[in-house]
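Number of protein chains: 2
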Amino acid sequence: MKKIGILGTGMVGESIGTKLIELGYEVRMGSRTANNEKAMEWASKNGDRASTGTFNDAASFGELIVVCTKGDATVSVARSINPDLVKGKIIIVISNPLDFSKGMPPFLIPELTNTNSLGEEVQKILSLANVVKTLDTVNCQIMVNPNKLSGPQTMFIAGNNSEAKKQVGELLEKFGWNEIVDLGDITGARATEMMMPIWIRIMVTTNNVQFGFKIVR
Amino acid sequence: MKKIGILGTGMVGESIGTKLIELGYEVRMGSRTANNEKAMEWASKNGDRASTGTFNDAASFGELIVVCTKGDATVSVARSINPDLVKGKIIIVISNPLDFSKGMPPFLIPELTNTNSLGEEVQKILSLANVVKTLDTVNCQIMVNPNKLSGPQTMFIAGNNSEAKKQVGELLEKFGWNEIVDLGDITGARATEMMMPIWIRIMVTTNNVQFGFKIVR
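Residue numbers (this note's numbering), protein chains in the order written: chain Z, 166 to 382; chain C, 166 to 382.
Quick caveat, the hints were computed from the structure, so don't treat them as lab data.
Watch out, some of these pointers could steer you wrong.
Lysine to any residue pairs mimicking SDA-like chemistry, simulated, CA-CA at most 20 Å apart [as the list claims (entries may be wrong)]: (1) Lys331(Z) <-> Thr371(C); (2) Lys313(Z) <-> Ile380(C); (3) Lys379(Z) <-> Gly316(C); (4) Lys267(Z) <-> Glu276(C); (5) Lys267(Z) <-> Asn247(C); (6) Lys379(Z) <-> Phe376(C); (7) Lys379(Z) <-> Gly212(C); (8) Lys379(Z) <-> Ile365(C); (9) Lys379(Z) <-> Lys339(C); (10) Lys167(C) <-> Gly212(C); (11) Lys379(Z) <-> Asn372(C); (12) Lys313(C) <-> Ile380(Z); (13) Lys267(Z) <-> Thr280(C); (14) Lys267(Z) <-> Asp350(C); (15) Lys267(C) <-> Glu276(Z); (16) Lys379(Z) <-> Lys313(C); (17) Lys379(Z) <-> Val381(C); (18) Lys313(Z) <-> Ser245(C); (19) Lys379(Z) <-> Asn312(C).
Using the sequences provided together with the hints, build the complete structure.
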């Protein structure tokens, strides 16, 4: 696997994209329009293995696709992807179904939580792809560099396809994650997405985004 | 503070009650009926500082009250309490709003999650008491003995009254909790209650209930 497509040009897309370039991958950052300013600025700083395009360009380019669009936009982005472009491919969904429309703290979009999740919804929309939910329980700086904290943390992974989870697990190891807990099928995304409220509370009350969760046994 | 009332006769009530007896408190375990079999069996094993009664008996007896009734019964239990009996008292709500009616894994009761919580609901019902949400993110064996695990974990606490949280924090320390994160007002209960899905997933996929969450910074 050499080529990775990223959907989303926010802080998460930028962090993941930059880390993947450092690791030697070719990365195409996709957005709604082909000439998104943030995507082009990112590409200009990351050498000739970095490129930009539309969401469908990035989905077509990547052998693996990372979704890090805003939570309330992710369903429509998934629907805008030509399903044939992602058939049999792995799609990592980092996005969480947060709704900031009523201010801080955000709540989870009711129809995408508790008995559903954004991970499941993307899997339903792009049913021929293998969706894996992971990385959504930490800030983007920790996602790609967990070892910058004072000790090891746990990363969770959920998805219907074991081979897809294995390959994503190998990528997580390259990012520095050593303790990965497999939560089972894609409905496990409900569990990690519902950790957003505790993550946000801790962020707000400790005024710090650089932390992770460790499962202590 | 010498006297504690416990509402609920399940595994959590039994574990907390037994620990409080060991710590020297007088404990009354309350249930729907005054002569609940499980409560009487617990009291018979715990010496003359252990007693039983109705929910209102336990609420009246306790200078502090611990609620550990089943999640889907807790609102009706709170409504059955005479508000005057708990005026100015601390009420620790451990119960989580889990609905097992559709099998495993349970979901969270929709009207008690995301933009509400069981902690908040009990605070609304018993508005003259000081509700504190804590201990709900670990199994009952870990609640009263966190040091049995391989390393320290984090306990969360939420509530509107700072003095109440301080007193509960001192009790948690007696249980062995050293790292307590204050999540702010009682709406913080949304965050800890929404950790139930990840707790249950980890329990199911690792076949182990003895674990806790540590925040790594």
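Handout entry: Pair hint lysine 379(Z) and lysine 339(C), alpha-carbon separation not exceeding 20 Å
Key = Measuring from Cα to Cα gives roughly 23 Å; hence the hint is violated.
Handout entry: Restraint check for lysine 313(Z) with isoleucine 380(C), where alpha carbons must lie at most 20 Å apart
Key = Given pair lysine 313(Z), isoleucine 380(C) holds - Cα atoms ~14 Å apart, limit 20 Å.
Practice task
Please work out if lysine 267(Z) and aspartate 350(C) have their alpha carbons no farther apart than 20 Å.
Solution key: holds (18 Å)
Problem - Restraint check for lysine 167(C) with glycine 212(C), where alpha carbons must lie at most 20 Å apart - result: OK: lysine 167(C) and glycine 212(C) at ~16 Å, within 20 Å.
Practice task
For the pair we were handed, lysine 379(Z) and lysine 313(C), check the Cα-Cα distance against 20 Å.
Solution key: holds (16 Å)
Problem - Pair hint outcome, lysine 267(C) versus glutamate 276(Z) [Cα-Cα no greater than 20 Å] - result: holds (18 Å)
Problem - Hint consistency between lysine 379(Z) and isoleucine 365(C) [alpha-carbon to alpha-carbon, up to 20 Å] - result: With a Cα-Cα distance of about 16 Å, the restraint between lysine 379(Z) and isoleucine 365(C) holds, given a limit of 20 Å.
Practice task
Starting from lysine 379(Z), check that the Cα of glycine 212(C) is at most 20 Å away, please.
Solution key: This hinted pair is violated, its Cα atoms lying about 39 Å apart.
Practice task
Quickly compare the C-alpha distance for lysine 379(Z) and phenylalanine 376(C) to 20 Å and report which way the hint goes.
Solution key: holds (10 Å)
Practice task
For the pair supplied as a hint, lysine 313(Z) and serine 245(C), confirm whether the alpha-carbon distance does not exceed 20 Å.
Solution key: violated (51 Å)
Problem - Pair hint lysine 379(Z) and valine 381(C), alpha-carbon separation not exceeding 20 Å - result: holds (7 Å)
Exercise for the section: Below or equal to 20 Å on CA atoms is what counts here, so check lysine 379(Z) against glycine 316(C). Expected result: Given that 20 Å is the threshold and the Cα spacing comes to 10 Å, the pair holds.
Consistency with the previously given hints fails for numbers 5, 7, 9 and 18, ordered from lowest to highest.
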